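Got two chains here, each in a separate frame; can you build the complex from them with the hints?
Going line by line, the protein sequences match chains B and U. Quick note: to get the working numbering, add 57 to the position in the first sequence (first position is 1). Quick note: to get the working numbering, add 34 to the position in the second sequence (first position is 1).
Derived from the structure by calculation, the hints contain no laboratory data. Hints are all accurate, no fakes.
Facing chain U, from chain B, some residues (calculated, C-beta under 8 Å):
id	residue
1	W286
2	Y290
3	M293
4	V294
5	T455
6	F466
7	L467
8	Y471
Being a predicted model, the structure only gives us computed values, none of them experimental. We put the beta carbon where it would ideally sit given N, CA and C, even for glycine.
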Amino acid sequence: MTADAVQPALGAPVYERRTKEYLRLLLLLLLTASFFDGYDGGILDIIKPQIQDTYGLTEAALAWVTFGVKLGAVFAFFVALSADWVGRRPILLWSVIGYTIFTGLTAFAPNVYFFTCFQFAAQIFLGAEYAVAVTMISEEFPPTQRGRALGKFTLVTAAGVILVPLVALSPLTSTALEWRVLYLIGLGPLLLMAFLRRKIKETSLFEVRKAQVDAGTHAGPNVWAPWEWPHRYYMMVLAFVTFFRAMAVFSATGWWVWYAEREVGLAPTAVLLFLVGAYGLGIIGYYTNGRLIDRYGRRSTTIVFGVLAWIFATLLFNVRGVAAQAVLLILAVFFGLGITPGLNAFYTELFPTEIRATAAAWARNMVEIPAFLIGPLLVGLLGDHGTGAIGAMSNVITIIFGLMPVAVFLVWRYLPETKGRHLEVLDAQA
Amino acid sequence: MRVAGAALVAAGLLAACGGANRPEGPAERFLRAVSRGTDVDQVEDLGSVEVAHEVLDGPMCPVGDRPDEGVDECSENQENIAEFQVAITDATGDTAVVPIEVLRKGEDEPVRMGLEAELKDGGWRFVGTTGLDDDVAFPDEGGPGFGTDSGRVAILTLIVMGAALVVSVTLITLFSGGRPREEEADLTARHEET
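Just chain U, same shape as in the assembly (with noise of 0.2 Å):
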């Protein structure tokens, strides 16, 4: 299944102008920020500080500073979200609404919303926050995540495996002609003397 963001950014950058005007500033880290999503194996504990500030209704900090340079606001914004996860969305055409949930530290009930974008100058610029319908399921919900799950990951890696060992012991055992024998002794000779 699919991660919004990484859907949204992949569509986009491609629907983009020859993607000279790359996004920057807030529609780029979020889009980065979301794009991480939630995979099919792992809960994400840690809120993106991009997301914090420039997407989500937390303080803002006066341009040019950063979040560990002490600015107060700032500092504490980091710790504003504790958990977020990102469900499916599709992105077409020129707007796109990411759901995202986010349970922020101190809180019992995560906080779902959906994140407007729209595609303009050649990338993504973010637009807004917006409500969400309650239907969407995200991944701890059973929802999709990005990914697969370890365990079939595990067993396609033993397929792959398997497969490429008996094609080549195939291969060698009927093409090759043998092993040649070697006068190994004499390859090594004098070796003591260099």
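Looking at chain B on its own, in the form it has when it is part of the complex (with noise of 0.2 Å):
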């Protein structure tokens, strides 16, 4: 069975191959959404001694506020696999404009109660519109540039995360309205919805789907469809290899800089110009994973990237130089960082496109989302120093970071190479 032998029968909508024009436009303007879905996703962690003070907080406080705000990103997941429903379209349109609105909110927000409620709305639309990227860019794009473009979204998306501590440390704060500035800016993407608006499609693979379920010729979407069998399988893997990799890394990146200023003895401001100048470098992972998943394959690509985000991010956790931790910081950016777009391609290459945006939904908003909550808490309870099971920062992110092995180890198993799959015959089959 060929790609082109799978089109719809004669009367139905066709599977349309976009432009080369077109494709390069639809990335650009996801590169851009995505740009301030990591520049205002950002803020907060940036900003947390600034909001404290504003706001008359203590660190516990400040720990239940920032709680609050990403519990927003698990309720995205309804917003997310609504796409299977209602479209990828609208569910990017309105999550641009989602985010983009409750982010300039917060810059106003009169006491800490608006500000934790505009910023838990503003991430449900942030994960929301991170999904529907990812799935619009796998649909829309050939497979043999697929890795490539997933590689670019993940890095713009990781840039925009850079441009924080860029305007915190910029004269643009110190004026009267202080950290309220940075969210200020968050309403760039409105300028951008006028493109958007007019020129982005439906993808062409759901635009078929849909007219296939409408002609009742094809089951429509279902929430627990990826846990049905076949899909079952691909999903509880996927569900662990996620859940261990997000429990390692964002350990890790969660208490990196306390770790850098109470365990290694950086000053502060060294650690901001480290966070910034590693950041940048290690972003640049990014786009080599994609290039690589394209070249090499899904598989061997992620297998590759997670040891060496285990080996790097174990050293950078218990070697003390401040040289050392420099390089090892931008080592342990590039690879545990940089395996998203390979995990993104698995994410959207094994499932059909009616239930595509679902299953991303699940891996991403109810798998990785708890873990982004769950090991950063884990962290700071069993490493207190005061308090703490085991006593220190480093010594249980080094032991959570054991996940990430684990996790390769299941890619290995379970995971077929998915690398030069079309999605149209991948429906055909469904």
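Put into structure tokens, the structure is as follows:
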């Protein structure tokens, strides 16, 4: 069965192969939206001390504010999976509008309660936009370009995060608005909306499948479908891979700044500069991973990146030299975060169109985000120098990062190679 | 076991009113310096400049000057401390004494002293130094440092890895329904034409 031979019956919508010009425009628009996605999502972690001072919070209260805000990403699940019902395009557009508006409103939050609520809502739309954008890239780009496009996408999202400390260090935050300026800058995507609305099309795969569902020739989306056989096999494997990897990576990223200041002894300004420099170089890993998964395959690239992430992250949290910290931080970011495009490819290439967004939403919002919350919390509780059972953040992170090689094993043992897959042929087999 | 500085920071900041009045200057730097402490596997071989300047009886720099900007007194001060380590203390109430042992360069015997701090105006303020009882045990004397030794961390890591592996493989084997058959050749058909 060839990709061309699976065109739907006469009279039904056909799979439209997108032109290079449209793909270029699509990627540009999605990259811009996701740049601000990364930016808006990265603000809170950088400005925690200022938020604490503005609203007069204790560390415990600040921790709860952070937890409440990040919980929004779990609820993004429901918005993201609705893309299998109403389409990718409307969810993308509304997500951009949603996170832009609530990010802008955050700048005017009169107290911590409004701040938390606005940011909680923003996180819902940020999480949904990311998930839907990944789905659109996977469905519109041909197999030979999909990995590269996913690599660029994740790189630009991470680049948005880097902009936050740069703005924080700039004179903009020395005005009376202080940290609020950071959230006002997040209004940028509203300018993008005019172009998005006119230029972005619904994905061809979704339109064809929707026509089939409307004609009664194919079953419609089902929120539980990823957990029904045959999809359940891959859903379970990906859920474990996602959870273990997220626990490892977010435990480390959530506490590296604290570890660098309190257990290595770097000055706070040096830590911030390390972060900007190392992150800026390290996110090239996203692009590199994207290229490598197209060239060598998703499995082998993911395995290599996972093993190296484990090695460098373990060294990062057990070696105290300043120069070593700089080098190891770059490498840990390069491989630990750079593994993302390969995993995104698995999420989208193992499932047919009618459940693709749903499967990705399950993996990201119901598995990854809880790990994102639990991992750093465990590190804090177990690694507290005063009351923790382990007594050092570095020790706890070293232990938790042992989950990364387990994730690598599961990829090696259970996942097929999906490089070169034509998604419309996968749909025909479904 | 516990590091006095980190316990001091945690207890003090959590007890402070709202956290809005964070300690600044000497106390902040002192607390950050001693919160590094000494963990069970490592010996601190460089002291904090802030500890030398602001807390111990080293010469004080003019306001605004930093040790690396060429002021002779301040530059020399960086080398005062070759090693320091911190023992355990209990930071309860609104005062605390942090036991610290400092080995200055060129000297043979370390100096043991207590660093006094008080909880005031929403944060800890360094008060001064005081003598220390001989029965305080420092990490290189077998006393407690923070963290867990490397061997135990390695064992715990292997236990976590093993448990995660067993749980995931068992659940996938029992509940996944088995790997689906796929027409892999069809899925990558016409790959060469794209």
